[in-house]
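Input sequences plus hints: build the corresponding full structure.
Mapping the sequence shown onto my numbering, position 394 (from 1) lands on 394, and the numbers just tick up by one.
Keep in mind the hints are simulated off the structure, nothing from the lab.
No residue lacks a Cβ here, since even glycine has one placed at the ideal position from N, Cα and C.
Honestly, I wouldn't trust all of these hints.
Unchecked claim - In silico DSS-like links for lysine-lysine, alpha-carbon gap of 30 Å or less:
no., residue 1, residue 2
1, Lys-86, Lys-349
2, Lys-566, Lys-546
3, Lys-221, Lys-16
4, Lys-94, Lys-16
5, Lys-221, Lys-94
6, Lys-221, Lys-445
7, Lys-290, Lys-349
8, Lys-86, Lys-290
9, Lys-221, Lys-300
10, Lys-566, Lys-445
11, Lys-445, Lys-94
12, Lys-300, Lys-445
13, Lys-290, Lys-445
14, Lys-546, Lys-349
15, Lys-321, Lys-349
16, Lys-300, Lys-290
17, Lys-86, Lys-300
18, Lys-445, Lys-86
19, Lys-86, Lys-546
20, Lys-321, Lys-356
21, Lys-445, Lys-356
22, Lys-321, Lys-221
23, Lys-221, Lys-349
To be verified - Pairwise CB distance ranges (calculated):
no., residue 1, residue 2, range
24, Glu-643, Arg-564, 17 to 27 Å
25, Ser-447, Gln-786, 45 to 55 Å
26, Glu-549, Arg-454, 22 to 32 Å
27, Ser-129, Gly-314, 27 to 37 Å
28, Ile-423, Glu-656, 54 to 64 Å
29, Arg-454, Asp-246, 42 to 52 Å
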Amino acid sequence: MEFFYGAFSEEWERRKAVLLHERSLGRSGPADEEERRRRGGSGGGWPAGRGAFGPGIGSGRPFARRASGGGESGRPMRMRFTAIAKGSQPAVVKMASYGAGVRLGAMLGYVSRSGEVEVEDDRGERIRSRERLASLRGEWEHLLQNREESRDVGVFSVSIGNVPDRSGEALHELVRATLSRGLGERRFAYGMERRGEGSLAVSGVVVLRGPDGERLTGDAKAASIVQNRYDTRSSADDPSAVFSFDAYGNGVDYGTAKLRRLVETFEGDVHDERGMAIGNESLAGDLVQKGWRHQLHSRKSRDVMHLIMSARAGTDVDAFKDAARDFLADQFSGHRYVFALHDPAEDPKEEAEGGKRPHVHVHAIITMKSEFGERIETSPQIFREWRQLMAEKAREHGIQMEMTDRRELARAPAYGRNQVRPISRQGRTEHVGTSEAAHIRYQTKRSELASVARAPRSVEYTVTARRIWSELARANGDRAITAYALEQENRIETAWMRKKGETEMSAAVEKFGSKYQANMVWLQAIVSEADKVREMSRPEFEAYEKHVETALFRFERLVSAEERDKFEEIASAAREHVNVRREILELNDERRALESQRTELSAEGRGNDFSARGHDDPSIGDQPSREAREASERIEGARNGIERADAEGRSAAAAEREYAAALDAAAKLMVAGNSFMREVAENNADLRHAVEALERAQGGKAAATTATAGEDERRLSDESAMERYTGNRDAEADHDSEAAPQPPAQRRTQDAERGQETTPKSGEANRTDPPQQHIPRLDELDREEQERRDRDRDDFER
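In structure tokens, the structure reads:
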């Protein structure tokens, strides 16, 4: 058979045709040899490993490894985090279910909406008819094992005769003893009703697999086995009993449905083999889900799997379909599959029936076994590789998508489909948990409550993710990225705080013996936690407030009616404490806002003054003013860094060293003759002290330099004013001589002759007079600054 490779329009179609053709000839092609060398396999011939065609061929993993760069390496964490902060959507590839070959028709019908939605197979054929869909079962038959499902739960009936005259608990003990003689140590539940004098009709549900590993078949043969055991174990004084099985089924769902029907039939008068009452459907579900699940040892034939790939609402539909097609072709080469795109705009299924989901997604039905005999392996690492490959294919088609891990974003763990049942399909599907624990898990995921994994390896991974988020927040100039990174960092910290609280709660219960006392101790520790912190940031306070409310909520559930008043008093005191901390936080925010506003106004004033004294000549004054501004900004940034050091988890000593270095650099500029720094020093006592120390160290040399620089600046200012005066003299000749402007030097001379004291403009004395003459003034400014700080502190404490 001859192939014309140019006949294929897509690269993946050509690759698949080459692979299948070479496999049919019994040899491997260049692509296989290259893949084998890359994975460290043997250079020629068949690779060593399991299966006729070696590991990886058809297992769905080699292409993922090639695409992701080898397991967890992929794209660096920092690169992915930056893309997520910019708006990239997460790659969603999830396993919906497995199915046996007998369910293939139903699964294909669901994906194709009963033939109304176009389906595409692994060969690129587009299927639009039910007849063609039905024919796929025959084409895939050689890949389906069609293994029978295990029989896990049986429905039985027992007729008991010669019953002694008993009632209440004594009668239940008799029935349980009778059933245990036949069923052995298996778990069961039953209901009973009287049938005439001395006879009972018992109906029940039983786990078919016993603790010894024996599994009953739930049919007539099993009934005869149970009957023989009862006859052997019973005595002449025991009542007679006739056992029979009515039905059997597979899995937890079947057992739950049958037990709930039993509860409904007997109106809640149902008990298990231990005598525990099962009075409602909720208790019935809990018994099967929690008590019987692990004893079922259920198994189903996994011939096909149902995979779902999702994207955000608004994603380009055609681009996403192309990305999904490429993902399936690369990941599941050698497997048979079909896939269909469900677009809410074109979904024929109504929203109330589960259709028209608000986001675009692709359903795929894939055979677990490949044409080469290898089966798909699934594990958390494999799913991670699938998400990496899906994100890569999406980016190739212009969709910004990244692989994400719930540990990186402090997301709650997912819930399984057996843990919830849908109650509304309007918009986003609403569920309710099948048990209290399952509902809590569902609510936690639904509300996206911050959560961290507990395993040591996951804890280490989360610590690394937090460090990367922190670095991204500190080192990125993009405000949007910085804000998102800070949000994720705070989210992880909140999750850690909650985890710590739960750990402390468990320890308190262990120590104090009761949850009431433990909650009291825990609440006291949480409320007093804020007192150990000098100043909280707003995210820290919000986490602290939520922590207190959680403790109060748990505490309230354990309080009896007699202790309600005492609890209200404790809760009121705790909330009052939180309110005080909130007021302190708001005062701190106001103080920082005022300081920031004052700094901006001061900087604006300096900027205007700098511009006014720029002499209209770029070569004069621009560089000194720029250096002064940069030094001022560096000082302000270092000072703010000291205030944020505790909140950011940085060393206070390192922040103080940065502040000292900024002061030293500014002082050197000032001593070197930069007169603009004098105005900065007017509002910064620390800078003045640094200048004084530097001047003393240099033995007065800086004073002369500064005085000379001030004199030069004054001379330049006078020359500029004289030029303006000369240029405007003719135009102002008609004005009165008293109103005529005078050069600054001439004006100062006249003032001196009249005995008037010259009043310089703000900052002029600092620019022109020697530093030795300003020591008293610096001391006075220092005292004023200290008094202002004392007043601010007093206002804050009040």
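Hints, one by one, checked against the model:
1. Between Lys-86 and Lys-349 the CA atoms are separated by roughly 35 Å; this puts the pair beyond 30 Å, and the hint is violated.
2. Distance restraint check for Lys-566 and Lys-546: the Cα-Cα separation of roughly 22 Å lies within the 30 Å cut-off, and the hinted pair is therefore satisfied.
3. With a C-alpha separation of about 51 Å, the suggested pair Lys-221 and Lys-16 falls outside the 30 Å cut-off, and the hint is violated.
4. Pair hint Lys-94 plus Lys-16 holds up; C-alpha atoms about 25 Å apart against a cutoff of 30 Å.
5. With a CA separation close to 42 Å, the supplied pair Lys-221 and Lys-94 exceeds the 30 Å bound.
6. This hinted pair does not check out: Lys-221 and Lys-445 have alpha carbons roughly 46 Å apart, beyond 30 Å.
7. Between the alpha carbons of Lys-290 and Lys-349 the distance comes to roughly 35 Å, so the proposed pair goes past 30 Å and is violated.
8. The straight-line distance between the Cα atoms of Lys-86 and Lys-290 is roughly 43 Å, outside the 30 Å bound, and the hint therefore fails.
9. Restraint check for Lys-221 and Lys-300: the C-alpha separation of about 22 Å stays at or below 30 Å, so the hint holds.
10. Taking the CA atoms of Lys-566 and Lys-445, the gap is about 35 Å. The hint is violated against a cut of 30 Å.
11. Distance restraint check for Lys-445 and Lys-94: the Cα-Cα separation of roughly 16 Å lies within the 30 Å cut-off, and the hinted pair is therefore satisfied.
12. Restraint check for Lys-300 and Lys-445: the C-alpha separation of about 28 Å stays at or below 30 Å, so the hint holds.
13. In summary, the hint linking Lys-290 to Lys-445 is supported, as the alpha carbons are separated by about 21 Å, within the 30 Å threshold.
14. With a C-alpha separation of about 42 Å, the suggested pair Lys-546 and Lys-349 falls outside the 30 Å cut-off, and the hint is violated.
15. For the suggested pair Lys-321 and Lys-349, the alpha carbons sit about 20 Å apart, so the restraint of at most 30 Å is met.
16. At most 30 Å may separate the alpha-carbon atoms for a hinted pair to count; Lys-300 and Lys-290 meet this at roughly 20 Å.
17. With a C-alpha separation of about 44 Å, the suggested pair Lys-86 and Lys-300 falls outside the 30 Å cut-off, and the hint is violated.
18. With a CA separation close to 24 Å, the supplied pair Lys-445 and Lys-86 stays within the 30 Å bound.
19. Of the pairs offered as hints, the one joining Lys-86 and Lys-546 holds, with about 29 Å between alpha carbons and a cut-off of 30 Å not exceeded.
20. Restraint check: the Cα-Cα separation between Lys-321 and Lys-356 comes to about 17 Å, which is no more than 30 Å; the hinted pair holds.
21. Taken as a hint, the Lys-445 and Lys-356 pair is honoured in the structure, with Cα atoms around 23 Å apart against an allowance of 30 Å.
22. Of the pairs offered as hints, the one joining Lys-321 and Lys-221 is violated, with about 52 Å between alpha carbons and a cut-off of 30 Å exceeded.
23. As the CA atoms of Lys-221 and Lys-349 are separated by approximately 45 Å, the hinted pair breaks the 30 Å bound.
24. Between Glu-643 and Arg-564 the beta carbons are some 44 Å apart, a value that contradicts the proposed interval 17 to 27 Å.
25. Remark: the range hint 45 to 55 Å for Ser-447 to Gln-786 is upheld by a beta-carbon distance near 50 Å.
26. At roughly 23 Å, the beta-carbon separation of Glu-549 and Arg-454 lies within the given 22 to 32 Å, and the hint holds.
27. The hinted range of 27 to 37 Å is satisfied by Ser-129 and Gly-314, whose Cβ atoms lie roughly 32 Å apart.
28. Here the CB-CB span from Ile-423 to Glu-656 is close to 58 Å, well matched to the stated 54 to 64 Å.
29. With their beta carbons about 44 Å apart, Arg-454 and Asp-246 fall inside the hinted range of 42 to 52 Å.
In the structure shown, a violation is registered for the earlier hints numbered 1, 3, 5, 6, 7, 8, 10, 14, 17, 22, 23, 24, in ascending order.
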